[in-house]
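Following the hints, position chain B with the ligand against chain A.
Those protein sequences? They're chains A and B, same order as listed. Mapped onto my numbering, the consecutive letters of the first sequence carry residue numbers 1 to 372. Mapped onto my numbering, the consecutive letters of the second sequence carry residue numbers 1 to 213.
Heads up, a few of these hints could be off.
[What the hints assert, rightly or not] Per label pair, the in silico range of CB-to-CB distance:
#, chain 1, residue 1, chain 2, residue 2, range
1, A, Glu188, B, Asp29, 24 to 34 Å
2, B, Glu137, A, Pro109, 22 to 32 Å
3, A, Glu188, B, Ile81, 25 to 35 Å
4, B, Ile136, A, Tyr205, 54 to 64 Å
5, B, Asp154, A, Lys42, 22 to 32 Å
6, B, Asn38, A, Ser339, 50 to 60 Å
7, B, Asp187, A, Ala329, 14 to 24 Å
8, B, Asp187, A, Asn152, 53 to 63 Å
9, A, Ala326, B, Asp154, 16 to 26 Å
Everything labelled a hint here was simulated from the structure, so no lab data went into it. In this text the structure is predicted, and so the values were computed from the model without any measurement. Built from N, CA and C at the ideal position, the CB exists for glycine as well.
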Amino acid sequence: MTNRERIMNILHFKDADRLPAVHFGYWGELLLEWAEQGKISKDLAIGNYDGSEKEIELDRIIGWDCNWSRPVGYNNGLFPPFEHKVLEVLPDGSQRVQSPDGLIERIKPGTVSIPSEDDYLLKDREAFETLYKPKMQFFPERIDLEYFRNFNNTRPQDVAVGLAVGSVLGNIRNMTSVVGMSYLIYDEDEDLFADIVDTYADMQYKCLEAVLQTGAKFDFAHYWEDICFKNGPLISPELFEKYCAKHYKKRNDLCHKYGIDIISLDCDGVVEKLLPTWFNNGVNTMFPIEVGVWGDQFEPARKKFGNGLLGVGGMDKTALRKDKAAVDAEIERMKRLVSLGGFIPCPDHRLMPGTKFELVQYYAEEIKKIRI
Amino acid sequence: MSIINEISENLQTGKVKAVKELVQTAINDGIDPSTILNDGLLSGMNVIGEKFKNNEVYVPEVLVAARAMNAGVQLLKPLLIEEGVQAKGRVCIGTVQGDLHDIGKNLVKMMMEGKGIEVIDLGTDVSPETFVNTAIEKDCQIICCSALLTTTMDVMGEVVKCAEKAGIRDKVKIMVGGAPVTQEFCDKIGADCYTSDAASAADAAVELCRSAS
Ligand code: B12
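For reference, chain A alone in the conformation it holds in the complex:
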């Protein structure tokens, strides 16, 4: 059996010779740590991202079969993006920088990771109409049509390949920050937020349609949202339903029309309260089910929604920072979830610094011993 067959069979409640060893990538800092420990070469640690050749090479070294978060896609960002430019250098040496999304970020000297959000451009109707709306339109340049026309012949045949179908709210949150998004929702111009969401969604629908019309076939569709945290959603479930439900339905109906019946959605945090909107509008695969840090769970969701709800994820990645016994315990717990059917274990988020290389190898090896 190929990994593609294994994945598709399991998610359709059919037999498979074994579980595929699926993962969700790494924090850059972890790869550097592994390089320093001499586990991997420095070269392999740098420029190693989802779907890159280096990542696939690392899969081979570790024993992974694939990364779920490796879909192919189109450009659904602001087009063209805002110019990335330094607006101001402050007395303490930190820079105020405008990001491609129109966020104003502050970069302190000496910080390597992500900058902190300072301000944002998408504040009112005028900014939306003049700065953002023109960048949220459909342009043919968003899609490499040639690539998709040849896709069925050029794609890897042995692994499941997903099509990234964008986001409804996640990217808007990236353009405005959580605070900015909150203010826009409650803007005095009550239609403004809906107009932003609708404009951005319509463009993505057109992109999706253009891709599917090329005849390219995909094993699953994959959304990215990241709109939840420790205590639940970053927006009320009612407002989420009001602004977003119709867009999921429209996009997912189109996927169904083209034969895609597995539609997964990447959202971390505790997602329970948003699941009804997703599930009732065609999203049927939870990912990555962050059980470790927040105790998000697959089983209660399965009980509630039945076998129509599938899962990829749910393995507490923090076990991979501990010891063999902790990993064994997770594998035992995974066996139970796997026995429910329609579930593929995967670490519940990117592997973070402190994760032990040998334990990851051990997990990948052991998980592949499980038969379905």
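Chain B with the ligand in isolation, oriented as in the chain A frame:
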């Protein structure tokens, strides 16, 4: 509806402009600034805090309510200083070194201010020494640390140690919170208090300040 109730209601729905106008009218009408603050603004913020705790409202509703509260407080501040109104306590708060997430920290700050506590905001990426030195210099009853990353939460343990070293551990309480933080972790590092959400954090801070005085 009395103007005080109107202030509270409009704050709860995040109406900045209305809150500002109503607070100004109340001031012009000669209503005592502490009454406007306590029975209008802070009581409205408390309602939102409770609802947030019970998942009846979410982050956006709290953020817009807090924005409205701040707009009202700005108008009242000079008058309150004149009146010599005392805060219920003083705390310093920050996100720990290496961590730039500040939304949760800001919510905790707003909720604490909503309870009448004076909050010194140290921002993000705050070193243990800065927490402790601020607590000493500004005579804070509580140090509040927020962390959102599993890789930065350990800095909280260093804040505890740093406070011990500076000899203020018996005078200053240390509160911890943020996405990966748990009660178990709080106990492990020897901090004094953990809560999972901002409204409970404010309640706990009021208690800690009360017992400190
Ligand atoms: C928004 C966000 C960002 C924004 C931050 C914007 C900002 N101004 O804060 C940006 C885009 C900048 C960002 C950057 C990064 N992020 Co981030 N981010 C998030 C996200 C989506 C939401 C966090 C949030 O605001 N929640 C809402 C607030 C209200 O919740 P909260 O902070 O938990 O606070 C509540 C309670 O915890 C409590 N509380 C908070 N503080 C305190 C303090 C005290 C004393 C008390 C008592 C209570 C308390 O009260 C609050 C309200 O009830 C989370 C997802 C998640 N699942 O949490 C990831 C997340 C926190 N980020 C993560 C990561 C990895 C990063 C990056 C490292 C990404 C990268 N690879 O570069 C960088 C880190 C940059 C840095 N050095 O800090 C991870 C952390 C994983 C881990 N286990 O450590 C998360 C969990 C996402 C994930 N699943 O991987 N991020």
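Between Glu188/A and Ile81/B, does the beta-carbon spacing fit 25 to 35 Å? holds, 31 Å
Taking 16 to 26 Å as the stated bounds, is the beta-carbon spacing between Ala326/A and Asp154/B within them? At 19 Å between Cβs, range holds.
Range agreement (Cβ of Ala329/A with Cβ of Asp187/B, hint 14 to 24 Å): 23 Å Cβ-Cβ, so the 14 to 24 Å window holds.
Using the Cβ atoms, figure out if Asp187/B sits within 53 to 63 Å of Asn152/A. holds, 57 Å
Outcome for the supplied range 54 to 64 Å, where the beta carbon pair is Ile136/B and Tyr205/A: Once the Cβ atoms are compared, 58 Å apart, the range 54 to 64 Å for Tyr205/A and Ile136/B holds.
The hint says 24 to 34 Å between Glu188/A and Asp29/B; measuring C-beta to C-beta, is that right? holds, 26 Å
Does the Cβ pair Glu137/B, Pro109/A satisfy 22 to 32 Å? holds, 25 Å
Given the hint of 50 to 60 Å, check if Asn38/B and Ser339/A actually sit that far apart at their C-beta atoms. holds, 58 Å
Has the hinted range 22 to 32 Å been met by the Cβ atoms of Asp154/B and Lys42/A? holds, 26 Å
Of the numbered hints listed earlier, not one is contradicted by the structure.
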